[in-house]
Each structure stands twice: as C-alpha cells, then as structure tokens.
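There are 2 protein chains.
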Amino acid sequence: MSQEDAQIELETSVGYLLKEASSALRSAMEAVLRPLGMSVTHYSCLELLAQRPGLSNSELARGAFVTRQSMNVLLQALERDGFVSRPDQAAEGRALPTRLTELGRSRLTVASAAVRGVEDRMRSGLDAVEREQLRALLARCVTALTDPASDPAAPR
Amino acid sequence: MSQEDAQIELETSVGYLLKEASSALRSAMEAVLRPLGMSVTHYSCLELLAQRPGLSNSELARGAFVTRQSMNVLLQALERDGFVSRPDQAAEGRALPTRLTELGRSRLTVASAAVRGVEDRMRSGLDAVEREQLRALLARCVTALTDPASDPAAPR
DNA sequence: TGACTCATGTCAGCATTCTGACATACTCTC
DNA sequence: GAGAGTATGTCAGAATGCTGACATGAGTCA
Chain A
1 MSQEDAQIEL ETSVGYLLKE ASSALRSAME AVLRPLGMSV THYSCLELLA QRPGLSNSEL
61 ARGAFVTRQS MNVLLQALER DGFVSRPDQA AEGRALPTRL TELGRSRLTV ASAAVRGVED
121 RMRSGLDAVE REQLRALLAR CVTALTDPAS DPAAPR
Chain B
1 MSQEDAQIEL ETSVGYLLKE ASSALRSAME AVLRPLGMSV THYSCLELLA QRPGLSNSEL
61 ARGAFVTRQS MNVLLQALER DGFVSRPDQA AEGRALPTRL TELGRSRLTV ASAAVRGVED
121 RMRSGLDAVE REQLRALLAR CVTALTDPAS DPAAPR
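Taken in order, these protein sequences are the chains called A and B.
The numbering of the first sequence is full-length UniProt numbering, which starts it at 1 and goes up by one.
The numbering of the second sequence is full-length UniProt numbering, which starts it at 1 and goes up by one.
Please note that a few of the clues may not be correct.
Unchecked claim - If you anchor each label on the Cβ, the simulated ranges turn out as follows:
{"#": "1", "chain 1": "B", "residue 1": "105", "chain 2": "A", "residue 2": "70", "range": "31 to 39 Å"}
{"#": "2", "chain 1": "A", "residue 1": "105", "chain 2": "B", "residue 2": "94", "range": "43 to 51 Å"}
{"#": "3", "chain 1": "A", "residue 1": "131", "chain 2": "B", "residue 2": "36", "range": "15 to 23 Å"}
{"#": "4", "chain 1": "A", "residue 1": "67", "chain 2": "B", "residue 2": "147", "range": "31 to 39 Å"}
{"#": "5", "chain 1": "B", "residue 1": "30", "chain 2": "A", "residue 2": "99", "range": "32 to 40 Å"}
{"#": "6", "chain 1": "A", "residue 1": "53", "chain 2": "B", "residue 2": "120", "range": "39 to 47 Å"}
No lab work stands behind these hints: they were computed from the structure.
Just so it is clear, CB atoms sit at the ideal spot from N, CA and C, and this is done for glycine as well.
Produce the complete structure using the sequences and hints provided.
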C-alpha cells in the first residue's frame, strides 16, 4: 500500500515530529551500541556518571528519564559486571554515591565515541546557528511542558 | 545533593535535549490519557487510523514507531474492546486493512482533545515562525539519521 | 520530643516492547 | 514455471520499564 501520500496532519504536528526524531535517534544509538554489548540506558547511565561522578541512584534515574526502580536494577547489573561501584552504606542520608570503575570508564570511552558519531550525523546538515536554535527551541518546549506555572490543569 | 550545578556537556547536547523533550511530552500525554484509560501507544494507533483509514498492522507499527509484533498485540486488544475492526481475511496480499468503529471514534475524540491541549501547552511559548523553524530543524535531523546516503557506516 | 513531610533504596508483580522464528502472499527474474 | 527476495501476520519467549509497597533517614514545625 501507499505509505507516502495522504499526510493530513501528522507530519505537521510538532509532537509527532519530536517523537519521530527521538525514535530515529534511539534506533541509531542502539545500532552502534549493540555491537558493543551495551543498551542506550546502559550508556546513558555511564555517561552521566562520567560527567557527574557521585550521582545517586535517584539522580541517575532522573537524568536518564527512567524511574528510580528501573535505574536500581540497571545499577545492580552494572555493579555486578564491575562497571560501577557503590559504597555499602551511606555516609549521610540514604543516597549512595555511585562512581565509575576503571573498567567502566574504558568501556564508556568506546561507546561515547560511537554515540558522538551518531549525534554528529544527526546534526550534519545543521550549522552552528541552527544547532543553537534547535537547542533553544527544544529547551523552551521542555520548560513549557514541565513548568507547573504554565499548566492550567495543575494550579495546586 | 545538588542537581542544578555542574552541567558540563549534557545540557548542551542536542541529543540529550531531544530525549528530554520527548520524555516530557510523553509524560504529559500519559498524564492526560490515564484518566481516560488510554495509553500513548493506544492513542497513537487510533489517531493514525482516524487520519488514514485502512492502514495495515505493519503500517500502523511504522507510524507509531514500534515493531509490528507490538502493534499486533495492541490491535488484538483494541479489536477485543471494540475500538477497531479488521476483516478476517485479506482481500489481497496479507495486509488486513484496519478501521475505527464508532466506539473507537468517539473515544478518540475525547483523547484527541486532551492531547491537543498538551501540544498547545508545549508550543505555548513559540510563535508561528518558531514552530515552523522547529519543525524544519527536526525534520532535517530525522532525514540525516534515516537517509542511508548520509550514513558513512552503511554503504552496503 | 513527637508528628508530619519528603526523598531515597529496594523488593515484588505486572505491563509493555522487543527479538527470534515460521508460514503465507506478492513481485521480479531467469 | 521455478527460484529468490521482500513484505506481512502471528506465535512464543526474553528483556525492559513501570506501578505499588515498605522501610529508612533527614528536615520542619508545633
């Protein structure tokens, strides 16, 4: 059947395009990470830890856009495989600061280069000005969606 | 711990912002669809069928960015609940053209209004020119990621 | 001090999506 | 007509993420 005609409203929707772009990016990342035996969430967690050492489970979950329960099972696997380490007890409060091991850091180096290649390809047709435009526009969308002040349904 | 400082590179990455925006949009959609007893994929499928009646399972899957296996289980549930209908046999080939029932159409009307509200909120801070800019930039990112010609790793 | 609120880590169960596999149907080529 | 190649629908099992729930630690306030 025809797949390219009858584009009524979907392709003109910012939301649909956003989902399409996100899906394409995720697929491309999976394609390059799979040969390395790593998933996207896997990589996201390690990258977060490289850039902000000592993040807790909950903080990592927020940074990777998953629940803290999901991040917890992921961290247990990463710890079992020797990519990250956590103290047995919290020095203060309940948060356990997580850190990359040397093994985790070296694995991340390879993955990071692969992912950087994907992001470069995605931005290949955009010049510096357009990239900044895209960043700014996306950031404003996030703010509009997240900021409670702009949510008429949540005045409380 | 601090969550707002030490923003080294993550927030300057288009890919990360794209994921953040997509996640925020999905969360907002889930929030308004949940009271209606509908999931995002649920809604996506119905919306696709409303705008392009007669799409097959595989075509719906591509439009909703899931595998055709996932869409198949979703369609079976939607059919069981009386939201969509499919012929028992294919008139030609194997593709089964799917159509909304009256019940499905009425349910979609409510959900569609709710989702439109979310998208309006997302774009609330953007004027017409900026929305068009965002659409164009996202579309170019999708092309760059999807077009095999721009993928140096897949010349074959 | 005690009650309340909030954030965190973690366990268990459920839902959703994916990968792998198979059979069927059309198209193109020889 | 026979074969290869591609697209489709579908089943089964595995992986992943989520919701619900509970206990712990810290801060707030009366």
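Evaluated hints:
At roughly 35 Å, the beta carbons of residue 105 of chain B and residue 70 of chain A sit within the given window of 31 to 39 Å. Checked against the given bound of 43 to 51 Å, the beta carbons of residue 105 of chain A and residue 94 of chain B, roughly 50 Å apart, stay inside it. Between residue 131 of chain A and residue 36 of chain B the C-beta distance comes to about 38 Å, which lies outside the given range of 15 to 23 Å. Evaluation of the 31 to 39 Å hint for residue 67 of chain A and residue 147 of chain B yields a pass: the beta carbon distance comes to about 35 Å.
Restraint check, residue 30 of chain B to residue 99 of chain A: a C-beta distance of roughly 33 Å satisfies the suggested window 32 to 40 Å. Against the hinted window of 39 to 47 Å, the Cβ-Cβ separation of residue 53 of chain A and residue 120 of chain B comes to about 40 Å, which satisfies the hint.
Hint check: a violation occurs at hint 3 only; the rest are consistent with the structure.
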